[in-house]
Amino acid sequence: MRFRTIVTHVAPHLDEIVAVWLLQKFGESKFPGMKSVELDFWSTGGETPDNRSAVDYEKEGILLVGVGGGRFDEHPVNGVKKEGECAATLVAKELGIAEDPSFGQILDFVKNSDLKGGGNPFDLANLVKTLHSQFPDDPEKVIEWAMLGIEAKYQEQVSFLTSVKEEFDRLAEVEEIQGPNGRSLRMVTIESDNTQMSQLARSVHGGYSAVIIQKQSSGNVQIFTNKYYGLTLYDIVQMIRLAEQQAKGRAVTSDWKTLSSEGKVEGAEEWYFHQTGQMLLNGSLTARNVPPTRLSLDQIKEIVRIGINPELFEPSYSEHCKTGNCLATRSNPCPWYQYGLKRCRTIRFHKYNAMEPF
Numbered sequence: 001m002r003f004r005t006i007v008t009h010v011a012p013h014l015d016e017i018v019a020v021w022l023l024q025k026f027g028e029s030k031f032p033g034m035k036s037v038e039l040d041f042w043s044t045g046g047e048t049p050d051n052r053s054a055v056d057y058e059k060e061g062i063l064l065v066g067v068g069g070g071r072f073d074e075h076p077v078n079g080v081k082k083e084g085e086c087a088a089t090l091v092a093k094e095l096g097i098a099e100d101p102s103f104g105q106i107l108d109f110v111k112n113s114d115l116k117g118g119g120n121p122f123d124l125a126n127l128v129k130t131l132h133s134q135f136p137d138d139p140e141k142v143i144e145w146a147m148l149g150i151e152a153k154y155q156e157q158v159s160f161l162t163s164v165k166e167e168f169d170r171l172a173e174v175e176e177i178q179g180p181n182g183r184s185l186r187m188v189t190i191e192s193d194n195t196q197m198s199q200l201a202r203s204v205h206g207g208y209s210a211v212i213i214q215k216q217s218s219g220n221v222q223i224f225t226n227k228y229y230g231l232t233l234y235d236i237v238q239m240i241r242l243a244e245q246q247a248k249g250r251a252v253t254s255d256w257k258t259l260s261s262e263g264k265v266e267g268a269e270e271w272y273f274h275q276t277g278q279m280l281l282n283g284s285l286t287a288r289n290v291p292p293t294r295l296s297l298d299q300i301k302e303i304v305r306i307g308i309n310p311e312l313f314e315p316s317y318s319e320h321c322k323t324g325n326c327l328a329t330r331s332n333p334c335p336w337y338q339y340g341l342k343r344c345r346t347i348r349f350h351k352y353n354a355m356e357p358f
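The sequence shown begins at 1 in the UniProt record's numbering and counts up by one.
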């Protein structure tokens, strides 16, 4: 028996649209005819127009989704509700793909949207509702539009979990570095042009890496942090920008506050500091013509190791720094003091203003 029609309710939500997408794309073997099935829309809720069962309709080649009290209707039937389910998750389980990580983000988003409502007015679920109000007589146009987004997200996830993961496993250099409060952090350095690489590195598939340094084939470098760890890049930003200027042979901007400011600074225009995301970018998807940094990857890695650990001091001065005594003077300068690291400024402030004893 081949199925010829999928029925859902009028102005279907993202949940029902994803369920239909799953059936059409992955349901042919279990529900023959899905690839060429037509869509129909009912204004009835939990019951069918003629009060027949969903099973009866299936015998006629009509599959009900989100209506009619059938296998793919999460709404209560005779007071019994399929708790924690939506049409899309019911379909995914029926097709045996619910545990496939490629569908994880899609199913989680759809289920939360369907069960909890709300969300961002510009997310896909709410945009579907908006489009239905604009095109009330053309639900298939809305469905087609939504499926473009669903398919794109699915393909992104497939790539993320296959080719991106394979490239990460093959190319990523992983090391443990010391962060604030002696915390051990996972830092990843990788040479790759894949724009999903930093996202993967910060996910479970990349070991929840805390800091990611990515160098592209063009020579451009980006430094990302994982928001989970609450890290800041201010010291690193100051060091990178000053080192970049020194590599050019002339320091135009040396004021510490300016060096750590958001956006670009004169003399080190190659680097853009995104303060909210704590990212330092030498070029990006929207800034493709930025000249590559003059700093080597090894230089950048060393700067990150220094900047991320507030308890690390210049080796020849470290013993005194840790006791709150800065010995740097004009005649005996500390190589690190020029960067204006917060740890150094704090020591100097307390020493010369006697605000707090050490």
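For the record, the hints were derived by calculation from the structure and aren't laboratory data.
All C-beta atoms, glycine included, are put in the ideal place defined by N, C-alpha and C.
One or more hints might be untrue.
[As the list claims (entries may be wrong)] For lysine to aspartate or glutamate, the following EDC-like pairs were computed, each having C-alpha atoms within a straight-line distance of at most 16 Å: (1) LYS93 - GLU83; (2) LYS25 - ASP193; (3) LYS248 - GLU269; (4) LYS30 - GLU58; (5) LYS301 - GLU319; (6) LYS215 - GLU191; (7) LYS301 - GLU156; (8) LYS111 - ASP123; (9) LYS153 - ASP100.
[Claimed, not checked] The calculated label-pair distances, taken between Cβ atoms and stated as ranges, are: (10) THR276 - LYS141: 49 to 59 Å; (11) HIS350 - THR276: 25 to 35 Å; (12) GLU83 - GLU262: 18 to 28 Å.
Checked hints:
1. LYS93 - GLU83: holds, 14 Å
2. LYS25 - ASP193: violated, 30 Å
3. LYS248 - GLU269: holds, 12 Å
4. LYS30 - GLU58: Satisfied, since the Cα-Cα distance of roughly 13 Å is no more than 16 Å.
5. LYS301 - GLU319: Status violated; Cα separation ~24 Å.
6. LYS215 - GLU191: holds, 5 Å
7. LYS301 - GLU156: Violated, at about 29 Å.
8. LYS111 - ASP123: holds, 14 Å
9. LYS153 - ASP100: This hinted pair holds, its Cα atoms lying about 14 Å apart.
10. THR276 - LYS141: 49 to 59 Å: Distance hint for THR276, LYS141 is violated at roughly 37 Å.
11. HIS350 - THR276: 25 to 35 Å: Between HIS350 and THR276, where Cβ atoms are some 30 Å apart, the hint holds.
12. GLU83 - GLU262: 18 to 28 Å: Taking Cβ atoms as reference, GLU83 and GLU262 lie about 46 Å apart, which means the hint is violated.
In this structure, the earlier hints numbered 2, 5, 7, 10, 12 are contradicted, and the remaining ones agree with it.
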